[in-house]
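Undergrad: For the protein sequence lines, the chains are A and B, in the order given.
For the first sequence, counting from 1, position 175 maps to 175 in this note's numbering; every step adds exactly one.
For the second sequence, counting from 1, position 216 maps to 710 in this note's numbering; every step adds exactly one.
Among the clues, some could well be false.
In silico lysine-lysine, DSS-like type, Cα no more than 25 Å apart, as pairs [stated by the list, open to error]:
1) Lys633/B / Lys467/A
2) Lys438/A / Lys633/B
3) Lys623/B / Lys676/B
4) Lys633/B / Lys471/A
Covered stretches of chain A (in silico footprint by chain B; criterion: 3 or more residues with CB under 8 Å from a CB of chain B, positions within the stretch not fixed) [to be verified]:
5) 446–455
6) 460–474
Keep in mind that the hints were calculated from the coordinates and are not lab data.
Just so it is clear, the structure is predicted and the values come from calculations on it, not from any experiment.
Note that CB positions come from ideal geometry on N, CA and C, so glycine has one too.
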Amino acid sequence: MAAVTETLDTVQSVTQSGYKWGFETTIEMDFAPKGLSEDIIRLISTRKEEPEWMLEWRLKAYAAWLKMEEPHWARVDHPPIDYQDLHYYAAPKKRAGPKSLDEVDPELLKMYEKLGIPLKERAILAGVDPDTVEDRQVAVDAVFDSVSVATTFQATLRKAGVIFCPISEAIREHPDLVKQYLGTVVPTGDNFFAALNSAVFTDGSFVYIPKGVRCPMELSTYFRINARNTGQFERTLIIAEAGSHVSYLEGCTAPQRDENQLHAAVVELIAMDDAQIKYSTVQNWYPGDANGKGGIYNFVTKRGACRGARSKISWTQVETGSAITWKYPSCVLHGEDSVGEFYSVAVTNNHQQADTGTKMIHIGKGSRSTIISKGISAGHSNNTYRGLVRMLPGAANARNFTQCDSLLIGDQCGAHTVPYIESRNPTAKVEHEATTSKIADDQLFYCRQRGLSEEDAVSLIVNGFCKDVLKELPMEFAVEAQKLLAVSLEGSVG
Amino acid sequence: MLEIRGLAASINEKPILNGIDLEVPAGEVHAIMGPNGSGKSTLGYVLSGREDYAVTGGTATFNGVDLLAMEPEQRAAAGLFLAFQAPIELPGVNNANFLRTALNALRRAHGESELDAVQFLKLAKAETKRLAMPDDMLKRNVNVGFSGGEKKRNEVLQMALLRPKLAILDETDSGLDIDALKIVADGVNALRRPEFSALVITHHQRLLDYLVPNKVHVLLHGRIVRSGGPELAKELEKSGYAELIAEAA
Ligand SMILES: Nc1ncnc2c1ncn2[C@@H]1O[C@H](COP(=O)(O)OP(=O)(O)OP(=O)(O)O)[C@@H](O)[C@H]1O
Ligand SMILES: [Mg+2]
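Looking at chain B on its own, in the form it has when it is part of the complex:
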């Protein structure tokens, strides 16, 4: 499980996270909501080890190990997966090849045997089918020329194949049509097991109809200002953040 205590981080000397306390027990899905610029993506980056961010205080552990002391690839090997708000393009890099390289890197880290191209393709095709994605998605270059929605689906495909223990989904539902929204939710639900947790960053209550969270947290100015059950998302959908912002001021 994920335990965050007093986490503070800044970028270019500008403080963005100002003491985050958050606990996501194993097997639970938590949603993070909050206005634009409140630090949601930053939290995802800091947890996954992006180097531009300086951690200025606090701790973050995952199943007891200190996340912040690890390289990004070690965090991935420990089971952390971040679905990017804006997935990155890798020109010339074939999606299937990328996924196989990633999966094999994780398998190596776990002392498992690597998959050859045939074994991998079988697995990947089964997943694309389950996620109702066209096969040619595997042949194309990573995210290059993908539509906004296709990029998000590609993140879900990666997540499905890499089978993380902790998934952070950063607005993976934004820009998706209704059907795709359900697919994303199904993607996460399919991974649900006692040792899996997810942190779902979203602006829309809609996703949470399909993917019912155990808890909803509201992030504001780099702090969690309110936590509650699934009903909190519904409330916010109606009233917006105005009241919370006024309270915080």
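Excised from the complex, chain A in its bound form:
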């Protein structure tokens, strides 16, 4: 309590005196106390050297959030989250992390090993305080490496006119663009978690592709400076001007541990005439131990607006992590003949819960969408696909095709499909196909008779089941994702 009062006092004195660098001097001040209030938001905004309008924007979101209630319609269960018991501006890794690898869930370390992650990096990923990692020079080098690669990339991007930077930098350096687009796809009051994110986000990416530019490389969060400190409340904004193309990769296959149990990111995509955005995610947040203890809650709002004619937004995701996932990457198809795509693999094992899917909102004439969802449940997990396809009156001749397949491994898990279809245009066409299958004993036996171990057999069958989605991923990502699927499902049979 003392700490809280102390910081609030500091915030007040700082905002009153307007002394900009007030927090830099005391390292302790890098951490805001637990809890959320207008003062904390002011602190975040000041700390990020934001313009006044940004602070107002945040405060408006906060006011909206206060009036909202946590949604409970998803098929997930969790103990109540005490929003006053969280840090909203902090780098808690430095304080709360395990002191050494001995304190890290051995299962997690085993998984790093299987994914082929170098020993030195494993500690960093596991959230061990870098100061206590032996031989820390190596770990630090690894970070420096990615920084130097990032710098080279930045030069190429600048030449093409592409802006790719942390969102906090964009707010300072490109305020007009941010002001014009931020919150226009996911409004501050869109939902409980989006409102919370709008009030307190501190991290994330900003991408701007100018007219007619084909982004010269795939943009990966890995190459963004600071990418290793994935924020708790990330905010990503991608704008593709007319005729431009961009492919963006998010996440990595290594399971990431984080003391922040609650993650609530917002991603907004905007595609103008003939622009194309491909957004690929491989997410592998720490799911908790075999009993689900300690895993991440991942409540994400991802939405793309196909504003222009013939624009296209494509979401591809492979989700294996988190204790709880609540996530519906969506497309709002304003543009005539615009295209929305959603390709998803969601794997749940042990006690994981996932409620995920997409929304395709058809507004423009001739807009088309494709949804391919592959849910795999093993252990005691629950995996729900929740999808909405809405054809608005103007969506003449719009088309949707949905294919929703569930694969069950064992008989303790659940798969649920909840499709919502609303059509207000008689010429629009919606097709929905769904299947549920089990990995049959005779399939496993067939593979084993040919010499495959049971785990290799499961992995082969699962990868086959997901093929339609995996082939949408950029090549290197697809290879990693395949490996990840195998590792995530280890021990799920027999």
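Let chain A serve as the given structure and place chain B with the ligands on it in line with the hints.
TA: Frame of chain A; chain B with the ligands shown alone:
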């Protein structure tokens, strides 16, 4: 070589095999015939380790090692191959990928280096050609949408690539056209070497014209009731099982 003594097995408490005695010396091909439901496929499954079957008695050894104590994949690594009567479909799993994964699993078990995709494809294409199978068979998903005959040929392709020491072919000739029948027989004949044996389950004497067995056994009610030379198959083709069934009763 394969040595089976007093082998008994049941499924869901229902006895299917009731004491099988059978010896297949190295280098020999034996045929197993018998009426529907007599337990022929069950014998193949029990030898290859399918878990639904409970072994209730007897022994089965292969080159001196106890087959029944091993996991199915260990039996495969020891050289046992079962061509399924009804091959299983693996949706989304590319046939070439499946075969390479299987071959590499066996190679690993034998301490050999794994084959990369290029090396494997070269090998696989040579085999498909030898078996007069279209190349696109490798690209398709394992047995998915295959015709009955194509599935059987795919089993022969797998056998040819995995080069087992003991092949059990469960009615691999059923549903094949005449040319394919010859291909199956050629597939087995090509593997014939002093350390290779085969157990060929069939209802048709025709296959045995191309693939001349050293011995023919008749299985009835889970027991071998008659054994003889190739001429036994010809006899049965004419007279059927009626006499044997009457004898057994
Ligand atoms: N899961 C099961 N539950 C009960 N009975 C079974 C089961 N599986 C097989 N059987 C029975 O076991 C007996 C032997 O079956 P098997 O498939 O071995 O016969 P087969 O000799 O191969 O016949 P076919 O010539 O028709 O292929 C049959 O009576 C069959 O119905
Ligand atoms: Mg049979």
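Undergrad: Now, for every hint given, state plainly whether the structure supports it.
TA: How the hints compare with the structure:
1. Lys633/B / Lys467/A: Answer holds: Lys633/B to Lys467/A is near 14 Å, not above 25 Å.
2. Lys438/A / Lys633/B: Cα-Cα ~24 Å, so holds.
3. Lys623/B / Lys676/B: 14 Å, holds
4. Lys633/B / Lys471/A: 15 Å, holds
5. 446–455: As far as the region 446–455 of chain A goes, the hint holds, because 9 residues have Cβ atoms under 8 Å from chain B.
6. 460–474: The restraint on the region 460–474 of chain A holds, since 8 of its residues have a Cβ under 8 Å from chain B and three suffice.
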